[in-house]
Amino acid sequence: MVTNIIILICGYLLGSIPFALVIGKLFYHTDVRQYGSGNLGGTNAGRVLGKKVGAAVILLDGLKVVLAMGIASIFSNEAIAIWTGLVCVIGHCWPIFAKFKGGKGVASTYGFLLASSIFIFHSATNFLIPLAMFFIVLYIFKFVSLASITAVITSSLFITGTSSIMNVESCFIIIASWCLTLLVINRHAGNIEKIKKGTENTVSWL
Numbered sequence: 001m002v003t004n005i006i007i008l009i010c011g012y013l014l015g016s017i018p019f020a021l022v023i024g025k026l027f028y029h030t031d032v033r034q035y036g037s038g039n040l041g042g043t044n045a046g047r048v049l050g051k052k053v054g055a056a057v058i059l060l061d062g063l064k065v066v067l068a069m070g071i072a073s074i075f076s077n078e079a080i081a082i083w084t085g086l087v088c089v090i091g092h093c094w095p096i097f098a099k100f101k102g103g104k105g106v107a108s109t110y111g112f113l114l115a116s117s118i119f120i121f122h123s124a125t126n127f128l129i130p131l132a133m134f135f136i137v138l139y140i141f142k143f144v145s146l147a148s149i150t151a152v153i154t155s156s157l158f159i160t161g162t163s164s165i166m167n168v169e170s171c172f173i174i175i176a177s178w179c180l181t182l183l184v185i186n187r188h189a190g191n192i193e194k195i196k197k198g199t200e201n202t203v204s205w206l
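1 is the number of the first residue of the sequence shown in the UniProt record's numbering; add one for each residue after it.
Derived from the structure by calculation, the hints contain no laboratory data.
Note that the structure is predicted; figures quoted are calculated from it, not measured.
Check the hints yourself; a few may be wrong.
[As the list claims (entries may be wrong)] Calculated lysine to aspartate or glutamate pairs in the EDC-like style (CA-CA distance at most 16 Å, straight line):
no., residue 1, residue 2
1, LYS142, GLU200
2, LYS99, ASP31
3, LYS101, ASP31
Between the sequences and the hints, there should be enough to build the whole structure, so can you do that?
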């Protein structure tokens, strides 16, 4: 019990590492929170500091969840790994190291899906299908926010449809998946309003 609590706390702390802030301040002497959307995610970091930085932040934000779930899988079990992934994403969105103002949880949710594919499902399908949906919607509509929301909904529908509710871990992964989907949608509430008003930023490289 104590070990599991420590793992969950470590998962939150790992998720709380704000790589956009760290890279911006360390290498560019720039606080990305003062520019663009003020968000500590890869999209805003990319807009403020360049595509390479944005890609690096997205990669690191995803990998920290993979690391957290990997550690949980080694020292505990699949159920704890699932909840560790969830609290890691929560840590990313509300990081203790950045005054509880973090990113929108998209890259870290993809980290959750990747880790779930590795440690829970042992299949890449649960990661690749929402990733493909992301790029399809992004290519058609040019909105990162819309593509992100569509992808996480797709992932939860897929996980729900392919998991067996007779298994405890399956119930946990379904619950965690929908929690992350609702979290991502909630974090993009402002973007949804901008899409309705026609003022949402579009990507320029597609």
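Against the structure, the hints come out as follows:
1. LYS142 - GLU200: OK: LYS142 and GLU200 at ~10 Å, within 16 Å.
2. LYS99 - ASP31: 14 Å, holds
3. LYS101 - ASP31: It holds: about 13 Å lies between the C-alpha atoms, which stays within 16 Å.
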